[in-house]
Amino acid sequence: MNIWMQGRNLALCKDVFRLKQISLHAKCCHKLSSSQGYENARALQLHVAYLPNLHSGKRKLGTEPFSDPNVLRQQLYTISFVPTRSKSTGKQSSDTSEKRSLVEARESPYAGLTPSQKVKEAGKDASYTLVIVVGLAVTGFMFYMIGRELFSSQSPSGVYGDALKKCQASMEVTAALGEPIKGYGETTRRGRRRHVSHTEFEVNGVPHMRMRFYVEGPYRKATVHVEVEKGESGKYEYRYLFVETEGYPHRTFILEDNR
Amino acid sequence: MEEYARDPCPWRIVDDCGGAFSMGAIGGAFFHSVKGFRNAPSGHYRRLIGSFIAVKERAPIVGGNFAVWGGLFSAIDCTLVYVRKKEDPWNSITSGALTGAILSVRNGTGAMIGSAIIGGVLLALIEGMGIMFTKISADQFNPANRIMEDPSQMPPPSQNTSPFFTNQAPQYQ
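Residue numbers (the UniProt record's numbering), protein chains in the order written: chain A, 1 to 259; chain B, 1 to 173.
Everything labelled a hint here was simulated from the structure, so no lab data went into it.
What you are looking at is a predicted structure, and each value in this text was computed from that prediction instead of being measured.
Don't be surprised by glycine CBs; every beta carbon is placed ideally from N, CA and C.
Hints may contain errors.
[Said to hold, decoys possible] Calculated pairs, DMTMM-like style, for lysine to aspartate or glutamate (alpha carbon to alpha carbon, straight line, at most 25 Å):
(1) Lys165(A) <-> Asp7(B)
(2) Lys85(B) <-> Asp125(A)
(3) Lys135(B) <-> Asp162(A)
[What the hints assert, rightly or not] Residues on chain B that point at chain A, a partial pick, calculated with CB under 10 Å:
(4) Asp15
(5) Asp77
(6) Val81
(7) Glu87
(8) Val121
(9) Gly130
With the rest of the complex left out, here is chain B (with noise of 0.2 Å):
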């Protein structure tokens, strides 16, 4: 309870760049395993040794672009959290935005603006994903909720009487 109730802004950049390398270096792992078999030179033998050359190799490098990814877009992410004071999906697509951007600055401005938006979009899209998920969660349960859903409020128990809207009366509970 008390990682609960904790900030979780500034610590969440490690804990995001750490996540993201381990997801990239999996899926490095799978991926370049797959392709270092392919090239390698014929025979079982050879090739799973291709195998684990190119996984050795590559895998973590593409973790360690992952992790590059994951804590500038934490980073950005909280920034804008303590700018905006307010944790929304626009944080998320915006930091998403500015990280391809900052990631391809080397580039030219037509590469940054390119995955500026390449990075919005698909922040964008993982945000909707989850805003439908949850959306098609709450419907499954949405039966139930209208049973409970009497206004059976704690604080302001039913007030039809109040003549004033700034009571600051402690109440109990």
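With the rest of the complex left out, here is chain A (with noise of 0.2 Å):
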């Protein structure tokens, strides 16, 4: 059961429901009178302990004293606290017409307001609106950046895999550097090696990357260098992907040549 209900207090709370006598329940309380300095809040969820004959209407509220164990069956019900921007209405003597207009208070932020501060209410909902709208748009160009970097063959980190795959998958590399083959980028200080070096150039209106990264096996390590090129599928080709042992024979096992 949901009451709109207008005011800015707990004063006024209790006013509008007659429950001078109810105790509210303590958290509630807090909620309320904390509530006082809630300008921009535009409900306030608020548990409250009443009886159950409350809105029959037929009653005087609020008067029986609460002795009896039954009739101060607690029941739960949420009540949305709305502030208000207007002052707040004066005493209103029957029921009926202050449930009026509690609904009538729902019905706009703006009501009630004189227009210099609907200008400034709507200032201030349109600066927050960019500013969202602007903290969006950042983090989906990040996301964006990343998926094409993650997801796509035709960034660095789709043609290392791709390199890498091939050099795994090559009899001579596997024979010279020992079978579980692992590959990484450069060493960072903090023992990151996940960066793989390249650089993007041109030539003659074409892209091409080129990349360097690094093998080891049980046996030996080796530095892989690959070039790709953009061919006419727009998909990245190799130009070349050569793997070149470190330590003292020097072999170079050529992957790939297509120039």
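Join the two chains into one complex using the hints; note that each chain is given alone, in its own frame.
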């Protein structure tokens, strides 16, 4: 059950519901009283323990003593407490008119404002919306960049993955380096090796990418040099790919040479 | 150079754990000094004392939490490197998600999924920032590279007439 009520502080809340004798739940009281400073909160949810026959409308509310535990069956209802910007209306005599005013208070957040205040509020809302939109745009752009880097095969990491697979599949390289071959990029100071050094450039308007990474097996380490160029299909094709072992007998395994 | 040649992985866990602890301790000291200052009773001296006490009590806890995160993250990262035989951004994203999931394992499946998503997205953002920074810094050097980029490759010196791909001839250098 939702009750929309107008007012800004606990006194008014109590007054509207004639809750003077009802001890509000301690938490609710706190929320209510702390809501006095709420200017921009659209709605504040709070729980109130109150009598079940409070809204019957037949009795005079809030007059019964609370000794009977059956009467005092506490039920939790959610009351949304809507602080309005308008001046708190004077005490109204009948319950129905109060309730109608409560319903009306919900209709527009701009209700009961002078034109200058309306302009001010609209400006505030617009600026907040702008901030949110800019933040979403920046986040979306970053995710787009990451997704393009990680999922596309036409990115540095895609080329790296494919070249590493080629090295691992090559008989000569596995014979020279040993069987489980692992690949990594440049070592940073903190022991991270996932950045593969690469440069992108253009030759006669055709995009090229040159890349260097390292492979390591149980016997030896090696450096892999790759260059790819964009073919007619718009995909990267190998220009060359060779593996150069470290250590004294330098050996070079050319896996791809399409020059 | 010995350091450089060594495999970073198993020792990196300790390294990351310590780095995360100090990062958390410093950040937590800053945060809790402000918080303790604000929560203390009025009076400059009391506020200062409250700030110190808050730092003393809380900053090591923050550091410890960070260290748990960093150590677990690095351990999973190294495990993934061992299993996948490859080091790339996927490792850190996956291990961020797994770390988030493992650390909230006592809060139920929903919490695990939520913090796994948060961890993965966070690490993806960090990786993306790294990727973007390298791209930007590479773009700055790009004109120099364009001049240098003539195919002056050392081992296969422009094999225009190479009849066989599979020559294993030992090269000079």
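field: Index of numbered hints that the structure contradicts, given in increasing order
entry: 2
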